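Since the structure of chain U is provided, determine the placement of chain G on it from the hints.
Quick mapping for you: the protein sequence lines, in order, are chains U and G.
Numbering of the first sequence is given in this note's numbering, commencing with residue 1 and proceeding in unit increments.
Numbering of the second sequence is given in this note's numbering, commencing with residue 1 and proceeding in unit increments.
The list treats identical chains as one, so a pair stands whether inside a single copy or across any two.
The list that follows gives simulated cross-link-like pairs (lysine-lysine, DSS-like), each with its CA atoms no further than 25 Å apart: (1) K477 with K451; (2) K185 with K592; (3) K185 with K159; (4) K592 with K159.
Don't read these hints as lab results, they were simulated from the structure.
These figures come from a predicted structure and were not determined experimentally.
Number of protein chains: 2
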Amino acid sequence: MNQRVRVTIQPEGKTVSVLEGTSVYEALGEAGIIIKSECGGSGVCGSCKVRIVEGEYVQEGSERYLTRDEIERGTVLACRTRITSDMKVEIPVESRLFEQKILTAGIAAGPDSGVSLSPAIRKTAVEPPSPSLSDQRPDLERVADSAAVSDSASGVELKPVPLEVLQALPETIRQDGWKATVLLKDGGIIGIESGDTTDRLYGVAFDIGTTTVVGYLLDLNTGREVAVASRTNPQTSYGDDVITRIHFSGSKENGLKVLQKLIIGCINEIIEELAGSAGIEPAHIYEITTTGNTTMSHLFLGISPKYLALNPYVGAIKSACEPAARELGVGINPYGRVYVMPNIAGFVGGDTVAVILASELYKSDEVRFAIDIGTNGELVMGNKDRLVACSTAAGPAFEGARITHGMRASDGAIEKIVLSDGEVSVNTIGDSLPIGICGTALIDGIAELRKLGVIDERGKLLKEDGLPEGTPDFVRKRVIDHETYKTSFVLVEKEKTGTGSPILLTQKDVRETQLAKGAILAGYEILKETLGVSDGDVKEVLLAGAFGNYIRREQAKRIGLLPDLPLERIRFIGNAAGSGAKMLLLSQNLRKEATLISNRTEYIELAVSPDFQKRFADAMFFPLSLKNG
Amino acid sequence: MNQRVRVTIQPEGKTVSVLEGTSVYEALGEAGIIIKSECGGSGVCGSCKVRIVEGEYVQEGSERYLTRDEIERGTVLACRTRITSDMKVEIPVESRLFEQKILTAGIAAGPDSGVSLSPAIRKTAVEPPSPSLSDQRPDLERVADSAAVSDSASGVELKPVPLEVLQALPETIRQDGWKATVLLKDGGIIGIESGDTTDRLYGVAFDIGTTTVVGYLLDLNTGREVAVASRTNPQTSYGDDVITRIHFSGSKENGLKVLQKLIIGCINEIIEELAGSAGIEPAHIYEITTTGNTTMSHLFLGISPKYLALNPYVGAIKSACEPAARELGVGINPYGRVYVMPNIAGFVGGDTVAVILASELYKSDEVRFAIDIGTNGELVMGNKDRLVACSTAAGPAFEGARITHGMRASDGAIEKIVLSDGEVSVNTIGDSLPIGICGTALIDGIAELRKLGVIDERGKLLKEDGLPEGTPDFVRKRVIDHETYKTSFVLVEKEKTGTGSPILLTQKDVRETQLAKGAILAGYEILKETLGVSDGDVKEVLLAGAFGNYIRREQAKRIGLLPDLPLERIRFIGNAAGSGAKMLLLSQNLRKEATLISNRTEYIELAVSPDFQKRFADAMFFPLSLKNG
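Looking at chain U on its own, in the form it has when it is part of the complex (with noise of 0.2 Å):
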């Protein structure tokens, strides 16, 4: 099973490369697609349906859950059916989870059915009579009377225009012969452009991360998406995490001006790309919405961050911010806007109100727990009565940093691993010999060696002669003393690596994963105190984010990562800040829950939390047994 098979998915057409045997669920997984799954990929509640267009696998079990048409169809659940050539699946529409429920217009409104139409920006085409001397009403008045009329629903109001719409007022609305389109939001007019151009009104929703910046193209008058485009945030080149970030921004000469440029910079390449793929124009693009830490949207303001990063650390602003995008250099349509989400804290941004929001945690009956590893791990509890929050500094272990040989999940980096059949299996990001390993690996090879007992509880790599009775020799032969790192198990042979080195696992990765599964652990055990609840009121562990996405449940449920809940009640929600921010683009009525749930979440200070260093040395302990999974 040690082979490495292409599935490519229809109809994105998609190509991922993974390990012989892996679930079509987890390959799906990995290509950045979520579908449904109620019981989060377990095979017990049918949702996950998929259908193998070509190629050859085994499942089992996936009958019960088909009608005999699907069948014939070659539809299979995606989780009870396993991987064993290369392959092409398709998704059928009704299997998908975010892109089903939120980007379908015309959907009815109401909890349950998916997010209502209704943009904050919108277009009513007018054609008000020309002047006369028997009705010499100015060209503002005469536009608005007729917006008012065609509009009548919206109430359009005599709210102050801007400046620079009346500027251009006079030749507008001469230029067509008195047809002219009005852009309106909250009721007042924001922009009138020449002629009908209702039938093009789009948005784009932005990640904004720290690694990463991803956009959405959404047609805001079906509420379709278009198109997708992301890059690495070019912050990057000044600090892999926000602190060193925020360091930059306040020490060096205009450097808060100079991440802003990069970042404006970075979204104004992604329109241009996406308004390309989809055959528009960036002007044709009214509004942007942003979600990401907090930091990331004080950059992007070009607000100073850097009391963020002292004690007590508090940013400018947490309510939602709506400048013109003409203020912030973004390169849209001229009169159009941007919408920044609202945060909750310094360390638990716009993103996680995003994630509350996107998974409708705020709504939820019961408890549950969110947990979004980036960069930064953001964690938040709750239901419909009480939220709460923290973060906990432990992605960067996750995203590679201060792992000996860690690296970002990209090109040559070891996502997989799998210790079996009388040898190490890896797979790579990208097909390339292997560079380093990843978040995902890092947690696959430590649960691995302490399911043999190579690591104990305490997070010991044993030595080589100190190893238990029954270790396997192609183990046992890979446990070595590095003259530099000490005890470490040789992932990869120097021979069959891209850069001529051995690619180890060390003691010190051990303890650096400790750190930072042990934050998260105590993260979660405090707010599970402040609650007070214990682990069988939390109905679901809902896993947001692309590492989380990424992540085998199992594994990270071996190493203490993932509270020990049976799998089921972990479940992958995929890029839910990117949800959120697209649910925001569409839906204007949204933004107020979206500042509701930035009011009304509590933040737990983890520094100032009593219990939290004793809750911390305890959660970095690894699991003695699993009591499921």
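Quick look at chain G alone, frame taken from chain U:
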């Protein structure tokens, strides 16, 4: 009575030169100082009390309006006192008209007790607790919470805060150890400053005339006027009248930008001067209000007025406009705002709204008629139930345009003409030799010649051989047949002018005046007809604006420029446009009234009024005789 005397007015220290025998009331008018007078200077109300500090005078009948104390202190009624030597006059504060009514703070609100002080931008000092680990509210929310406490009456909301405020916030709030001042407008935060700056809150009301720009600096904490400054509108170099400027704005490269830059430069100069004379910084000025005709407003805002000059003469905007000062480049506080008054129609602007507001025409039980003769003549008639307005191209003649030796009311202009005691007496502005005549003298000259029958009721300036019997010799000998101008009256012989040529009043001048006064009178007739009222129903004629303020009512009636109503029903109301701008600077509440006036006032386009041409032809004749006077 042909000697000139100098009158010094205290406490202003202004000096004017007038003909001996002029009333104190009239002299004050020439100095631009408006005092109380219910009867319009007819000697019957006893309001226009002034104190003669120095100099000789003849007065009759003041006593019955004065107390013994007042008489002992030298108090007289200005309208009943004629000046017979150089004089010093003091105006007690209780005799001030708009000054007293508008600028005194703290007067209880109500229609008869002045304007209550409620500026649009307010300040509140805050001193929030500094952040700690147990209070991690972000800067903005921390400040807003404190502002809501210290300013509970206004209900501070978390409306969108301007981006530049947020960008400056982290440093601003820490600069003076968490002491700050919040700027509030409409309940939202529009600015935050370090320290307690609540004692510095100023505003400037601007009257942007086609010819003259006046700025009034007001202390918005007390309502007091602190300084006044004026400039010639520098756009004058691109045309004396609005039509020429409109053409320039449209036809030349960047014409609009050139004119906008000129007026904003002028306003900034006035701001600098005002701040200098008051000993404050321009940054202590937080708002300016502007009034002016529709073209001036468009040019100030950088909106093309092109279509105002083309049939059917419509502007781009009628409603009030409230841009940020920074958007226009107005040099006040960086968070400052601009309020541009709403207008009524293309040629009835915010200045007319201001006249209606300041004169309280819109609250009047009885019908009143207000007339503002500047470069154009705007007429408005009505009461609390209905208001109608029209515009006439009446002004240019009275500003010297198209008059043979016409000129503006500036140094060297003859401003008064008296034919009596066997000679022609003229008064010249600035005590220099005369070089031309301005509007008031044009009216005087024609009225005096009409009284003697030298001009007949059809406007014919009779030739020497056609003059009525009994025409005095000193008049007869001045009627000449000029080789260029034909029949003319020599006002000043060439030996006594500053030009070396005689200053003439020509047949053409009489015709131009007939056109101008005919237009105004016809407008008056049309307004009466629209409202269905007669002269007897018109309770008062209110004369606004600089020119209206200098007119001698008896002479204006004689030529039929003003309707033939008793003098006590013709009242000067001074620079009512400027007064309106001040009122709106002091009182946010009155801005709603201004909008109401703008929307309620019906505009009559004389060009399409079926009766206008006939009325106009009739109105060009001079009255045969006067019923009252």
